[in-house]
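**Student:** For reference, the chains in residue letters:
Number of protein chains: 2
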Amino acid sequence: VLFLQGGATSQFGMIPMNLLGQKTQADYINTGIWSKKAIAEAKRYAQVNVVASTEAENFTRVPRADELNLSAEAAYLHYTSNETIGGLEFDYIPDAGQTPLVVDMSSDILSQPVEVSRFGLIYAGAQKNIGPAGLTVVIVREDLLGQALPTTPTMYDYKVHADADSMHNTPPTFAWYLAGLVFKWLKAQGGVEGIAEINLRKARKLYAAIDASDFYANPIALPNRSIMNVPFTLADTQLESRFLVEAEAAGLLNLQGHRSVGGMRASIYNAVSETAVEALIEFMQHFEKTRA
Amino acid sequence: VLFLQGGATSQFGMIPMNLLGQKTQADYINTGIWSKKAIAEAKRYAQVNVVASTEAENFTRVPRADELNLSAEAAYLHYTSNETIGGLEFDYIPDAGQTPLVVDMSSDILSQPVEVSRFGLIYAGAQKNIGPAGLTVVIVREDLLGQALPTTPTMYDYKVHADADSMHNTPPTFAWYLAGLVFKWLKAQGGVEGIAEINLRKARKLYAAIDASDFYANPIALPNRSIMNVPFTLADTQLESRFLVEAEAAGLLNLQGHRSVGGMRASIYNAVSETAVEALIEFMQHFEKTRA
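Protein chains in written order, with our numbering: chain A, 1 to 292; chain B, 1001 to 1292.
Worth flagging that the hints you see were computed from the coordinates, not collected in a lab. Glycine included, each C-beta is placed from N, C-alpha and C at the ideal position. Do not take every clue at face value.
Stated by the list, open to error - Each pair of labels, with its calculated beta carbon distance range:
| no. | chain 1 | residue 1 | chain 2 | residue 2 | range |
| --- | --- | --- | --- | --- | --- |
| 1 | B | G1180 | A | S241 | 28 to 38 Å |
| 2 | A | R259 | B | L1068 | 42 to 52 Å |
| 3 | A | V272 | B | R1044 | 39 to 49 Å |
| 4 | A | Q238 | B | Q1112 | 50 to 60 Å |
| 5 | A | A271 | B | Q1112 | 39 to 49 Å |
| 6 | A | M167 | B | Q1098 | 31 to 41 Å |
| 7 | A | V116 | B | R1259 | 29 to 39 Å |
| 8 | A | T60 | B | R1259 | 49 to 59 Å |
| 9 | A | A271 | B | E1142 | 34 to 44 Å |
| 10 | B | R1204 | A | K184 | 44 to 54 Å |
| 11 | B | Q1112 | A | A279 | 44 to 54 Å |
| 12 | A | M167 | B | D1236 | 24 to 34 Å |
| 13 | A | R118 | B | Q1047 | 39 to 49 Å |
| 14 | B | Q1047 | A | V116 | 43 to 53 Å |
Unchecked claim - A few chain A residues facing chain B, derived, Cβ under 10 Å:
| no. | residue |
| --- | --- |
| 15 | M17 |
| 16 | P153 |
| 17 | T154 |
Claimed, not checked - Once the Cα atoms are required to be at most 20 Å apart in a straight line, the calculated PhoX-like pairs of lysine-lysine come out as:
| no. | chain 1 | residue 1 | chain 2 | residue 2 |
| --- | --- | --- | --- | --- |
| 18 | B | K1037 | A | K159 |
| 19 | B | K1159 | A | K37 |
| 20 | B | K1023 | B | K1043 |
| 21 | A | K23 | A | K159 |
| 22 | A | K205 | A | K289 |
| 23 | B | K1023 | B | K1159 |
Work the whole structure out from these sequences, hints included.
**Tutor:** Here is the structure:
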């Protein structure tokens, strides 16, 4: 069943409250800032097993399938398919066996086809590839509903939202409407298959430009580089603020990396055209030439 | 402190979870459907004392001040200043002494001036007089923050939202923007004082037209008639569906009463002009003449 709900960050608490059932443990993969936020909230309700983490490698890759130290007693396995800030993305769907698989797909949903049937629960904030902020999409296996913890607020109970067709309370109507327009637009791009081709071209071009230069760098292992969020640094960090000023003058906005990691970050979501990515690459090459 | 949060219905659980503190009881006044929803959710966390109810009178008036049977052990007193569906509104602010007063002001906030300092907490969904659905305004006394129950989800903790200037998570940015435009528009109407004069004129005219006729009726006691939501019935209920069809043809929309009470309801929020109310009255008089 698919339904729509308030904020994506609410899901961090909703997931354990709804999916623990009679169990007390949950498995989490740690790949960066958003995994950590999900883990921190889950710890308030469950014994969290961090079954794999690449923190020691500064989150420059996602754990391999053979590194996942899954627990027999876990109610579910949670991971973040794309770390928005770190710019790393799973290149595989973890196999948790009979344990339901839960994924935060906020920043890469609808960027490329995904095998939905592999998941117990998919959640994604709308504000990247769906519509305006203030709306979250949840897709959940129906047999996982109806086992919320007794202290779960009614508005946190997935079953309430599912049973009410996402209208238990007055929904964010305008956000729904805009999301509908985005879905129509996406269909006109050839659907998820069509946009995936464009997204892959955009990402390949930008990473190629970064890799072709000693002036720019991206630290993420090749198979785990995000096709949505491309962080990069300048070899000379002194030039970063100048880069941002000149980029903005060239009409290239919001390139500052998250304050927790610094550097630059190009978020090339579905709405960012291939032409826009080419303009960024051209600017980067020009900036490098004038500074080299 | 004032902050902005997801859905208004979430507040029904947030209020006991945030305000009970060391206490276990809370006082609630029951004036209709929205009071009841607030009470139902509060019962999951607190011993709820319904300190006054006019249900036996079919919610045709609000309880008088001398009917409130307040408890010494209550963490707070909650009431609904305007019952959107029933169309009744408090004509006074209850006095709870030292007990914090909590009010659901969803459907009459900004309709007329209100003494904010009388309240421990005011909450209001945006979708009546503030902006689009999916946004709630909370105004809370700072000394009431920081005592959330241990099981309170982080996103349900008022202190988290207050400390983060309403930006603990990505807020519904477009809804904020639209609310800002509405506030500017409201200022141009002379602010809350200015709109209150218009609102009172709108309501008086509509109730006068209803009272002047035996064809239409409104059951609410005069001092408690809502200036925002005006429910009315037709003496001949057989004519109701015809009324709605012809009203819609005349450009007068959404006049059907809530399915739980039937009849008609004119919601004459700030955005509804005096001219629109006059058009409704004219239509009602015309409809009556052609059917009498």
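**Student:** With reference to the structure, classify each hint as holding or not holding.
**Tutor:** Now the hints, each set against the structure:
1. B:G1180 / A:S241: 28 to 38 Å: Holds, since G1180 (chain B) and S241 (chain A) (Cβ atoms, about 30 Å apart) stay within the stated range.
2. A:R259 / B:L1068: 42 to 52 Å: holds, 51 Å
3. A:V272 / B:R1044: 39 to 49 Å: holds, 44 Å
4. A:Q238 / B:Q1112: 50 to 60 Å: Holds, since Q238 (chain A) and Q1112 (chain B) (Cβ atoms, about 58 Å apart) stay within the stated range.
5. A:A271 / B:Q1112: 39 to 49 Å: At 42 Å between Cβs, range holds.
6. A:M167 / B:Q1098: 31 to 41 Å: At roughly 40 Å between Cβ atoms, Q1098 (chain B) and M167 (chain A) fall inside 31 to 41 Å, so the hint holds.
7. A:V116 / B:R1259: 29 to 39 Å: Given range 29 to 39 Å: holds, Cβ gap about 35 Å.
8. A:T60 / B:R1259: 49 to 59 Å: The hinted range 49 to 59 Å holds for T60 (chain A) and R1259 (chain B), with Cβ atoms some 57 Å apart.
9. A:A271 / B:E1142: 34 to 44 Å: This hint holds: roughly 40 Å between Cβ atoms.
10. B:R1204 / A:K184: 44 to 54 Å: holds, 46 Å
11. B:Q1112 / A:A279: 44 to 54 Å: Between Q1112 (chain B) and A279 (chain A), where Cβ atoms are some 52 Å apart, the hint holds.
12. A:M167 / B:D1236: 24 to 34 Å: Distance hint for M167 (chain A), D1236 (chain B) holds at roughly 33 Å.
13. A:R118 / B:Q1047: 39 to 49 Å: Distance hint for R118 (chain A), Q1047 (chain B) holds at roughly 45 Å.
14. B:Q1047 / A:V116: 43 to 53 Å: The hint (43 to 53 Å, Cβ to Cβ) holds, given that Q1047 (chain B) and V116 (chain A) are roughly 44 Å apart.
15. M17: Nearest chain B Cβ about 7 Å off; hint holds.
16. P153: holds, 4 Å
17. T154: holds, 6 Å
18. B:K1037 / A:K159: Holds, because 18 Å separates the two Cα atoms, which is no more than 20 Å.
19. B:K1159 / A:K37: holds, 18 Å
20. B:K1023 / B:K1043: The given pair, whose Cα atoms are some 14 Å apart, holds under the 20 Å limit.
21. A:K23 / A:K159: holds, 18 Å
22. A:K205 / A:K289: holds, 18 Å
23. B:K1023 / B:K1159: Holds, because 18 Å separates the two Cα atoms, which is no more than 20 Å.
In this structure, none of the earlier numbered hints is contradicted; all agree with it.
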